[in-house]
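Protein sequence lines correspond, in order, to chains A and B. Just so we're aligned, residue 1 is where the first sequence starts under this note's numbering, counting upward by one. Just so we're aligned, residue 1 is where the second sequence starts under this note's numbering, counting upward by one.
Please keep in mind that the hints were generated in silico from the structure rather than gathered at the bench. Model, not experiment: these values are computed from the prediction. You may find that some hints are simply not true.
Just so you have them, the derived chain A footprint on chain B, three or more residues with Cβ under 8 Å [as the list claims (entries may be wrong)]:
hint	segment
1	151–157
2	352–366
Selected chain A positions facing chain B (Cβ under 10 Å, derived; list incomplete) [said to hold, decoys possible]:
hint	residue
3	8
4	36
5	160
Below 27 Å or equal to it, Euclidean Cα-Cα: the simulated DSS-like pairs (lysine-lysine) are [to be verified]:
hint	chain 1	residue 1	chain 2	residue 2
6	B	187	A	179
7	A	20	B	312
8	B	312	A	3
9	B	312	A	6
Glycine included, each C-beta is placed from N, C-alpha and C at the ideal position.
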Amino acid sequence: MLKVIKNRFEQGCRTTSYPKEPISLYSRFRGRPVINPDCDRSVARQCAQICPQEAIDPERMTIDLGRCTFCGHCETVGAGAFVRFSQDFELGAANRQDLITDGRLPDLAVHAKAHFKKLFGRSLQLRQVSAAGCNACEADTNVLNTPFFDLSRFGIDFVASPRHADGIHVTGPISVNMKTALLTTYQAVPSPKVVIASGCCSISGGPFYGSDEVVGDLNSILPVDLYIPGCPPHPLTTLHALLKFFK
Amino acid sequence: MDKFLKITNGERISRAAIPALGLDEFLQTVSDFVNADGYVVQFFAYQEGGTNRMLAVLRNDSLFVAETEVGDVFPSLTQTGSAKFHMFEREIAEQYGIRPVGHPWLKHVRYHANYAGRPDIFGNDYSVDIPGNYEYFKVEGESVHEVAVGPVHAGIIEPGHFRFQCAGEEVLHLEIQLGYQHRGIEKMLTQVPQKRLPVICEGIAGDTSVGHNLCCCQAIEALADLQVEKGASIVRVIALELERIANHVGDLGALSGDVAFNPPASYFGRMRGEFLNLLQVLCGNRFGKGLVRPGGIAHVMGPEQCQLIAQKLIEIAPELRNVCDLLFSAHTVQARFENTGPVSLAVAKELGLVGYAGRACGLPYDARTLFPTERYADLPGLVNGTVNGDVNSRAAVRREEIMHSLSLIEMMLGQNKREYKAVQMQQYQLAPSSLAVTVNEGWRGEVSHCVLTDDAGRIQRYKIKDPSFHNWTGLAMSLRNQEISDFPLCNKSYNLSYCGFDL
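Just need the whole structure built from these sequences, with the hints factored in.
Pasting the structure below:
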């Protein structure tokens, strides 16, 4: 018992004051890209060519955050002449098109559906479905339950049964072998329900795009309400998206 | 073993130098080797000009390789030789439609059509959902009942199906059916442009991003003859050890949660995040994605990063020690950990368990000391003290490894002086008709990649093995004669990868 008390004092209170107060991530973290619109087109093409995710459109000077893994390779071309990644982790979007960006993202709160805020603003229960994710998305969703993020203080919980859930939170590129289990889970959630696509895999197939063993795009089989980009999304990205969209 | 070629970890081997044995001779040699304290690192099939070939990489204190031509069938080694082959043979049957005749439990591994377009061995119709044409092993009798769990589990966990045969609360048999995470990675890696390789390999198992991608990059380095500067190599070691600590710390927290001892569960959970954040300091990603690239690393560890890591370690090491002490000295925890989910040394040997699962049973194998890559040859190894094969041993080994890894990082930070350049992925000309085998001790154990190139230097076959491929059977054996309520605890003590297995 004494050890429990001693450790309790040593550990102290670690919960973040975000979103009441801003929080800054380390300078190497790659969040929302900032694209230089005056960049030479040939540099943009070079970036598009090396991008492993084919996320860059050099003609429209955009990056698709639904495909991007934020590996940062494009940032090294011409020392960031085309794109630099800021530390802004607030990346959630309500429309797939919004993720194809020149660096600006619309305010998620404005685009959120009003009836979702009314229905789920005070209490949101989600069923997580891992559909061929690499477990990084799952792991960084799980940490929202650790003391630093303490998700349940916002009335948001991940629950065991789809019957108890208000929606599903999907990670992974949806393997062919998981498709039915995913759809069955969705059907088991009572309506009205929300669908959240978390991580570039569930949005576009992520690193596994093109494989014939994956579906690759959650929106092609279920109506997605909220997109959370990243590989994996930073826990704060997920936290921000959930709070803005539902609160 | 003179019939096999002795190789070193991460070297380029000309395919002409790989001994091509007759099938009988090959099977006999492999079988004899494995029965004389040898282990299977890789055993897989591939196609060469319309014929099937099988290649084996084996280890005792060295690595050996040989291959053979095979038709549509071969006598199963699982039956006559050793259980170490059982999963490899099922994989060969699934991937190329080659039947290991006499395999005692021939069922699919991941549920997909074979690569060769042959008739399916398992009689599956892949338009029908997993598990297809397959009956689970059944125990029958009065009061025997079956418990089916998954693929979707009651938490934020990967999917997999577990079928328990129970008499009351006691588990007589557990069968684990995976495959739900199958993304077709091995096939993809032979088809996609080279620039995608590291990003895909970082996604084989996200919690082993560094481990798997290191294997991939070392294989490319061998085949493209790239040198890695010492400074970059140091950072690779630091990243691999940070990954190990983060996962072990997280698992100790999960184990405390499973025995309802909540304080350490919270503290470990929070401290795990601190180590992930150190990976983010190194490379901008909490899982080390985007760090390791062929020829070195993509982000130089400058004095600032070096100091941030060193400071954090000084701050967190005493906290870690105290919370470990809190967990391991609580008698309620000891009562739940000790003698739960035991696997004997004999069974561990028979199955060829690796990583902490093996070490907790008394198999000392650690690829960092036996086949060192990067800077590991200069670093001290670790001898584990608690090796009874139960949950307690697996937890204790993790605790020892956390402390050991902390000291390794400290040593590596002390050597971070040399200047080196950051590298990014490029298109490399790979040596034609070559083989590269890479082995690294990922946090779960032996991770191995095997790359075969054709005569134009294209990747003809890319074989991946996650340590979970060996160890899932260990978990099944742990559950024998245990209370079914101890499954979460046993499972967490292994914490195996679904996606690393499913590929």
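Right, here's what the structure says about each hint:
1. Here's how the segment 151–157 of chain B fares: 6 of its residues keep a CB closer than 8 Å to some CB of chain A, so the rule of at least three is met and the hint holds.
2. Restraint check on the segment 352–366 of chain B versus chain A: 0 residues with Cβ-Cβ distances below 8 Å, three needed, restraint violated.
3. Interface restraint check for residue 8 of chain A: the shortest CB-CB distance to chain B comes to about 7 Å, inside 10 Å, so the restraint holds.
4. This hint is violated: residue 36 of chain A has a C-beta 19 Å from the nearest C-beta of chain B, more than the 10 Å allowed.
5. Hint status for residue 160 of chain A: holds, given a least beta-carbon distance of 4 Å to chain B, under 10 Å.
6. For a cut-off of 27 Å, the pair hint linking residue 187 of chain B to residue 179 of chain A stands: about 20 Å separates their Cα positions.
7. With a CA separation close to 26 Å, the supplied pair residue 20 of chain A and residue 312 of chain B stays within the 27 Å bound.
8. Distance restraint check for residue 312 of chain B and residue 3 of chain A: the Cα-Cα separation of roughly 23 Å lies within the 27 Å cut-off, and the hinted pair is therefore satisfied.
9. With a C-alpha separation of about 21 Å, the suggested pairing of residue 312 of chain B with residue 6 of chain A holds against the 27 Å cut-off.
Consistency with the previously given hints fails for numbers 2 and 4, ordered from lowest to highest.
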